[in-house]
Amino acid sequence: MQQLQFSSSTQQLRKYSFLMIPAKGNFVSVNYQYLYLMLRTTLVFFFLLTTQFLSAQNHINGKVCDKKGNSIPGANVYINNTYDGASTNKNGEFKFSTQTNGEQSLIISCIGYMNVSLKKEVSEMKNLSIVLKESVNTLDAVVITAGSFSAGDNSKITALKPLDVLTTAGAAGNYIAAFQSLPGTSTVAESGELFIRGGNGSESQTFIDGMRVFKPYTSTANNMPSRGRYSATLFKGMTFSTGGYSAEYGQALSGILLLNTKDKPAEESTDISIMSVGASLGKVMKKNKDALSLNVSYINLAPYNGMSSSKDEWKKSPESISGESVYRHQFKKGLFKFYSGFGYTNYHVLQKTINYPEKLSFETQEKDLYLNTSYKGSINDKWIINTGISYGFNHNKNQINEKIITDKEQNGHLKFKLKHLASEQFKISIGADYFFTDITQKVDLSDPIWKKKSLLKNQLAALYTETNIFFSKNTVVNLGARGEYSDYNNSIHFAPRVSIAQKTSQYGQVSFAWGEFYQLAASKHLLKNQDLKEEKSQQFLLNYQYNPEKRLLRAELFYKKYSDLIKYDLSDNWNYRNYTNRGYGYAKGLDVLWKDDKSIRNFKYWISYSYLDTERDYQNFPEKARVNFSNKHNLSIVGKYWIPSLKSQVGMSYKFASGRPYNNPNESGFMKQETKNYTNLSLNWSWLISQQTIFYCSATNILSQNNIFSYDYSSQANVNGKYNREAIRPNSKHFFFAGLFITISSNKKKNQLDNL
Amino acid sequence: MKKITLLILLITSQILMCSAQNKYEKGMSEALQLWGNNKPMEAIALFERIAANENDNWLPNYYIGLISATEVLSGRVKERASSLLDKAQINLDKAKKISSNNSELLCLQARINTAWVTLDPMNNGQKLSATIIADYRKAILLNENNPRPLYLLAEYQIHMCKWFGNDTKPFYEMIKTSLKKFDNFKAPSVFYPNWGKERASLLLKAQDEN
Numbered sequence: 001m002q003q004l005q006f007s008s009s010t011q012q013l014r015k016y017s018f019l020m021i022p023a024k025g026n027f028v029s030v031n032y033q034y035l036y037l038m039l040r041t042t043l044v045f046f047f048l049l050t051t052q053f054l055s056a057q058n059h060i061n062g063k064v065c066d067k068k069g070n071s072i073p074g075a076n077v078y079i080n081n082t083y084d085g086a087s088t089n090k091n092g093e094f095k096f097s098t099q100t101n102g103e104q105s106l107i108i109s110c111i112g113y114m115n116v117s118l119k120k121e122v123s124e125m126k127n128l129s130i131v132l133k134e135s136v137n138t139l140d141a142v143v144i145t146a147g148s149f150s151a152g153d154n155s156k157i158t159a160l161k162p163l164d165v166l167t168t169a170g171a172a173g174n175y176i177a178a179f180q181s182l183p184g185t186s187t188v189a190e191s192g193e194l195f196i197r198g199g200n201g202s203e204s205q206t207f208i209d210g211m212r213v214f215k216p217y218t219s220t221a222n223n224m225p226s227r228g229r230y231s232a233t234l235f236k237g238m239t240f241s242t243g244g245y246s247a248e249y250g251q252a253l254s255g256i257l258l259l260n261t262k263d264k265p266a267e268e269s270t271d272i273s274i275m276s277v278g279a280s281l282g283k284v285m286k287k288n289k290d291a292l293s294l295n296v297s298y299i300n301l302a303p304y305n306g307m308s309s310s311k312d313e314w315k316k317s318p319e320s321i322s323g324e325s326v327y328r329h330q331f332k333k334g335l336f337k338f339y340s341g342f343g344y345t346n347y348h349v350l351q352k353t354i355n356y357p358e359k360l361s362f363e364t365q366e367k368d369l370y371l372n373t374s375y376k377g378s379i380n381d382k383w384i385i386n387t388g389i390s391y392g393f394n395h396n397k398n399q400i401n402e403k404i405i406t407d408k409e410q411n412g413h414l415k416f417k418l419k420h421l422a423s424e425q426f427k428i429s430i431g432a433d434y435f436f437t438d439i440t441q442k443v444d445l446s447d448p449i450w451k452k453k454s455l456l457k458n459q460l461a462a463l464y465t466e467t468n469i470f471f472s473k474n475t476v477v478n479l480g481a482r483g484e485y486s487d488y489n490n491s492i493h494f495a496p497r498v499s500i501a502q503k504t505s506q507y508g509q510v511s512f513a514w515g516e517f518y519q520l521a522a523s524k525h526l527l528k529n530q531d532l533k534e535e536k537s538q539q540f541l542l543n544y545q546y547n548p549e550k551r552l553l554r555a556e557l558f559y560k561k562y563s564d565l566i567k568y569d570l571s572d573n574w575n576y577r578n579y580t581n582r583g584y585g586y587a588k589g590l591d592v593l594w595k596d597d598k599s600i601r602n603f604k605y606w607i608s609y610s611y612l613d614t615e616r617d618y619q620n621f622p623e624k625a626r627v628n629f630s631n632k633h634n635l636s637i638v639g640k641y642w643i644p645s646l647k648s649q650v651g652m653s654y655k656f657a658s659g660r661p662y663n664n665p666n667e668s669g670f671m672k673q674e675t676k677n678y679t680n681l682s683l684n685w686s687w688l689i690s691q692q693t694i695f696y697c698s699a700t701n702i703l704s705q706n707n708i709f710s711y712d713y714s715s716q717a718n719v720n721g722k723y724n725r726e727a728i729r730p731n732s733k734h735f736f737f738a739g740l741f742i743t744i745s746s747n748k749k750k751n752q753l754d755n756l
Numbered sequence: 001m002k003k004i005t006l007l008i009l010l011i012t013s014q015i016l017m018c019s020a021q022n023k024y025e026k027g028m029s030e031a032l033q034l035w036g037n038n039k040p041m042e043a044i045a046l047f048e049r050i051a052a053n054e055n056d057n058w059l060p061n062y063y064i065g066l067i068s069a070t071e072v073l074s075g076r077v078k079e080r081a082s083s084l085l086d087k088a089q090i091n092l093d094k095a096k097k098i099s100s101n102n103s104e105l106l107c108l109q110a111r112i113n114t115a116w117v118t119l120d121p122m123n124n125g126q127k128l129s130a131t132i133i134a135d136y137r138k139a140i141l142l143n144e145n146n147p148r149p150l151y152l153l154a155e156y157q158i159h160m161c162k163w164f165g166n167d168t169k170p171f172y173e174m175i176k177t178s179l180k181k182f183d184n185f186k187a188p189s190v191f192y193p194n195w196g197k198e199r200a201s202l203l204l205k206a207q208d209e210n
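Residue numbers (my numbering), protein chains in the order written: chain H, 1 to 756; chain F, 1 to 210.
Among the hints, erroneous ones may be present.
What the hints assert, rightly or not - Derived DSSO-like pairs (lysine-lysine); straight-line CA-CA distance at most 27 angstroms:
#1 Lys23/F to Lys119/H
#2 Lys236/H to Lys94/F
#3 Lys382/H to Lys417/H
#4 Lys417/H to Lys332/H
#5 Lys169/F to Lys647/H
#6 Lys452/H to Lys333/H
#7 Lys333/H to Lys87/F
As the list claims (entries may be wrong) - Just a sample of chain F residues kept apart from chain H, beta carbon distances all over 12 angstroms, derived:
#8 Asn53
#9 Gly75
#10 Lys94
#11 Asn102
#12 Thr118
#13 Lys127
#14 Tyr172
#15 Lys176
#16 Lys181
#17 Asp208
To be verified - For each label pair, taking beta carbons as the anchor points, the in silico distance ranges come out as:
#18 Ile90/F to Thr465/H: 24 to 34 angstroms
#19 Asn61/H to Leu32/F: 22 to 32 angstroms
#20 Thr100/H to Thr70/F: 25 to 35 angstroms
#21 Asn489/H to Lys138/F: 40 to 50 angstroms
#22 Ser100/F to Leu683/H: 25 to 35 angstroms
#23 Ser100/F to Leu527/H: 49 to 59 angstroms
#24 Thr465/H to Lys162/F: 30 to 40 angstroms
#25 Lys287/H to Asp167/F: 28 to 38 angstroms
#26 Ile389/H to Leu32/F: 50 to 60 angstroms
#27 Gln502/H to Lys162/F: 32 to 42 angstroms
#28 Ser100/F to Lys287/H: 11 to 21 angstroms
#29 Phe426/H to Asn145/F: 45 to 55 angstroms
#30 Ser100/F to Lys408/H: 44 to 54 angstroms
Hint data in this document are derived by calculation from the structure and do not stem from the laboratory.
Every residue, glycine too, gets a C-beta built ideally from N, C-alpha and C.
Using the sequences plus the hints, can you model the full thing?
Here it is in structure tokens:
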């Protein structure tokens with residue numbers, strides 16, 4: 001083989017030796033080899049000469065521009081199946097020579113544009129003028145932003161990064177609290193739920209990996225804020241829609257919250273957290289295509305109840321044990337996820353209420369189980385399948401003095417969705433949902449007359465479709481429709497949704513959304529009266545977004561019209577009568593968000609402001625009036641400063657909300673009074689002690705404001721003919737949280753920064 | 001006679017292959033030269049043309065990814081950085097399809113992710129650090145003779161340690177090991193990745209001077 005030394009690579013050597021093993025044995029092959037070599041040298045020489053003679057160089061030149069005639073630099077122009085080509089210069093011009101002849105394909109490709117192939121005689125490829133069409137599949141293409149905030153990786157529509165959600169002062173890892181710092185939410189601090197644009201907490205729905213969550217908030221005592229039930233560390237992205245959301249989702253009059261669990265952990269680790277309110281233990285395991293994350297935590301609020309100067313007397317402090325697991329399996333063409341979570345909460349509190357001279361005893365035990373499986377994968381290049389099942393079981397026992405209310409609730413969701421990527425410009429999806437609800441409520445009192453059992457069973461089926469059409473990279477239209485059939489009242493609804501976005505400048509864009517939304521009445525009403533129709537809202541949104549690098553300005557005008565709201569008479573505290581769907585209302589306003597990560601080094605901040613004007617005539621309202629869960633003005637300022645020398649991030653968040661309406665029966669008119677303004681300044685500090693250990697602490701209401709959420713009035717007038725009242729205040733004025741988060745892993749570089 | 005026909009056929013095909021091979025070699029050297037002469041975008045364009053012709057060779061796609069990531073890591077590009085990294089990822093994915101479980105491609109994956117980290121250290125660092133390190137480790141396991149993942153992992157860890165104020169010593173030991181491997185490294189073909197030694201020596205020198 002030494003004779004082949006001129007061959008420049010070992011690969012070539014192998015190729016040749018393979019070719020030269022003839023059937024007849026080595027001897028012959030050696031002969032061939034010499035002959036071959038001799039011939040080859042001559043032939044190569046001959047071949048080279050002839051090609052030099054036969055193919056005189058053909059010169060190709062031209063210019064590449066876009067539709068408007070602007071030249072495109074950096075485009076790659078070449079003859080197909082050859083290496084002959086060049087890049088365009090800054091004037092969009094190119095020139096190169098080729099030895100090919102006859103008809104050839106000239107390919108022009110450039111990032112952000114669609115490829116062009118030009119078939120032509122090589123000799124005629126002179127002074128070409130080529131126009132490239134913009135591709136819609138680019139990073140700077142228009143995106144529909146009306147209504148939604150995303151906390152994820154997609155830079156374009158991201159208002160908050162996952163880390164922002166977790167390091168916002170006062171949020172203490174509660175993703176719901178972080179979203180409350182965005183515009184479009186009202187400050188209803190005693191509830192903890194999301195109140196979106198004049199809607200109450202039950203007007204929004206939460207989804208994990210596209211599947212419905214049935215009990216997103218933990219059960220709490222009267223006027224004690226609940227938290228999001230799930231630990232934020234398991235999620236990689238969250239989208240918060242304050243209106244005009246996709247036809248893929250339904251049963252929410254105001255907005256939705258989409259949570260997506262993390263796909264694949266990078267490595268195995270053990271996480272330990274020791275907090276002033278409890279402890280948690282997490283473990284991540286990984287093997288080839290399978291991964292399992294487990295998380296167990298115990299929370300006890302006893303330390304705080306001692307601190308608080310509240311009117312409540314705790315017999316048993318809120319205590320909860322919860323566990324979560326996420327299992328993932330990577331298939332060749334898709335990802336399977338199985339999420340499960342369980343929680344057990346109990347407490348016993350004696351609360352003073354205005355109507356009773358003695359304290360009332362509230363005792364609660366709640367058990368909750370939630371299972372969610374989902375699969376997302378591709379069938380081929382053009383089809384994507386998305387399917388899943390979720391199931392929730394909740395058992396809640398509430399004892400108020402001798403009265404025991406037991407709620408047993410089972411819910412399920414089945415989903416199937418197909419998405420067809422017909423072309424870059426056109427995508428269509430169709431899907432179906434099936435939901436079931438099974439609720440049993442039992443009321444027990446020592447007096448058997450009061451014994452009562454109510455049942456609610458419902459099935460809901462939905463079909464939806466959505467098309468996404470890009471007219472250019474500057475214009476996109478999204479058309480959707482959702483049809484729902486509900487079996488308990490035999491009703492069919494059809495909800496159309498439209499959204500349009502138009503890019504107005506390099507960083508600016510305008511979007512508009514319109515849609516109709518339906519939601520079943522709250523189960524507490526359905527349990528009493530099953531002839532109720534769905535409540536309805538219609539929403540109009542107009543959004544402007546300006547998004548230069550690391551800055552974001554977002555303004556949105558909205559109008560929401562409510563109809564078919566539940567109305568009833570309340571003859572006394574216990575009897576509801578005359579249920580109808582005759583309620584109505586509206587909400588309109590403006591949301592503004594300014595976010596800046598750039599102006600000051602190591603400092604990021606955002607300012608959000610919402611103006612809200614809303615009125616309703618619903619429930620037992622005598623007339624149209626403002627609702628008690630709305631603030632006209634809401635302002636939130638969040639700042640985070642990273643101090644490299646201290647390896648610390650210091651954060652602050654300030655919240656201002658104008659007063660909330662309340663009804664004073666001593667005055668004329670309904671809902672005419674307003675509480676004083678609400679303010680809260682929170683601070684936090686996270687310190688990276690080492691790569692494995694983080695210390696985090698936060699404190700709320702630094703300025704010690706005496707905030708009042710609302711007033712409770714007695715149902716009976718006193719001897720002077722006046723109704724007594726009592727202010728509803730935060731359970732504890734301050735909340736202080738400290739925790740130590742430790743990660744033990746084979747890789748020392750991963751810390752628990754994302755657990756904060 | 002039959003044999004002679006066969007022979008001629010064989011020879012002609014050999015010549016064609018040979019000229020194709022030469023074309024490939026010429027193209028690759030030219031592209032690498034363009035990169036060497038500080039014309040990265042032109043180099044990428046030529047590598048793209050080569051990649052379009054070489055459907056079962058991962059190297060052209062590898063170099064497109066490598067040049068793109070290096071451009072971003074050098075800090076020379078700002079505005080187009082994320083689209084350049086997206087391009088790098090697309091080409092790396094193509095290369096991965098051609099050659100799976102390739103130690104060099106894992107290194108490139110980690111380089112691309114490192115470039116993302118430099119663009120937004122606070123968010124991307126937290127998100128990608130573990131993946132970067134895991135990829136380097138996997139690359140080391142896949143080819144124990146490959147010095148690059150060892151050196152790159154050490155370099156990444158040194159940056160992290162400096163930031164956290166931790167001891168960097170063990171990682172300089174890793175660089176020393178990698179330099180020994182660099183000395184013994186024999187590229188299996190002409191255009192096979194063979195870079196990093198100078199930078200590794202410089203790093204070690206910088207430590208000695210401190």
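Hints and how they fare:
1. Lys23/F to Lys119/H: It holds: about 23 angstroms lies between the C-alpha atoms, which stays within 27 angstroms.
2. Lys236/H to Lys94/F: Holds, because 26 angstroms separates the two Cα atoms, which is no more than 27 angstroms.
3. Lys382/H to Lys417/H: Holds, because 14 angstroms separates the two Cα atoms, which is no more than 27 angstroms.
4. Lys417/H to Lys332/H: holds, 19 angstroms
5. Lys169/F to Lys647/H: holds, 21 angstroms
6. Lys452/H to Lys333/H: violated, 52 angstroms
7. Lys333/H to Lys87/F: Cα-Cα ~22 angstroms, so holds.
8. Asn53: The claim is violated: Asn53/F sits with its nearest Cβ about 6 angstroms from chain H, within 12 angstroms.
9. Gly75: holds, 15 angstroms
10. Lys94: holds, 14 angstroms
11. Asn102: holds, 16 angstroms
12. Thr118: holds, 14 angstroms
13. Lys127: violated, 8 angstroms
14. Tyr172: The claim holds: Tyr172/F sits with its nearest Cβ about 16 angstroms from chain H, beyond 12 angstroms.
15. Lys176: Lys176/F clear of chain H: closest Cβ-Cβ about 20 angstroms, beyond 12 angstroms.
16. Lys181: holds, 20 angstroms
17. Asp208: holds, 25 angstroms
18. Ile90/F to Thr465/H: 24 to 34 angstroms: holds, 31 angstroms
19. Asn61/H to Leu32/F: 22 to 32 angstroms: holds, 26 angstroms
20. Thr100/H to Thr70/F: 25 to 35 angstroms: holds, 33 angstroms
21. Asn489/H to Lys138/F: 40 to 50 angstroms: With a Cβ separation near 57 angstroms, Asn489/H and Lys138/F fall outside 40 to 50 angstroms, so the hint is violated.
22. Ser100/F to Leu683/H: 25 to 35 angstroms: violated, 51 angstroms
23. Ser100/F to Leu527/H: 49 to 59 angstroms: The hint (49 to 59 angstroms, Cβ to Cβ) holds, given that Ser100/F and Leu527/H are roughly 58 angstroms apart.
24. Thr465/H to Lys162/F: 30 to 40 angstroms: Because 54 angstroms falls outside the window, the suggested range is violated.
25. Lys287/H to Asp167/F: 28 to 38 angstroms: Since the Cβ atoms of Lys287/H and Asp167/F sit about 32 angstroms apart, the hinted range of 28 to 38 angstroms holds.
26. Ile389/H to Leu32/F: 50 to 60 angstroms: Because 54 angstroms falls inside the window, the suggested range holds.
27. Gln502/H to Lys162/F: 32 to 42 angstroms: At roughly 47 angstroms between Cβ atoms, Lys162/F and Gln502/H fall outside 32 to 42 angstroms, so the hint is violated.
28. Ser100/F to Lys287/H: 11 to 21 angstroms: holds, 19 angstroms
29. Phe426/H to Asn145/F: 45 to 55 angstroms: Distance hint for Phe426/H, Asn145/F holds at roughly 50 angstroms.
30. Ser100/F to Lys408/H: 44 to 54 angstroms: For Lys408/H against Ser100/F, whose Cβ atoms are near 52 angstroms apart, the range 44 to 54 angstroms holds.
Figure legend: structure checked against the earlier numbered hints; hints not met, in rising order: 6, 8, 13, 21, 22, 24 and 27.
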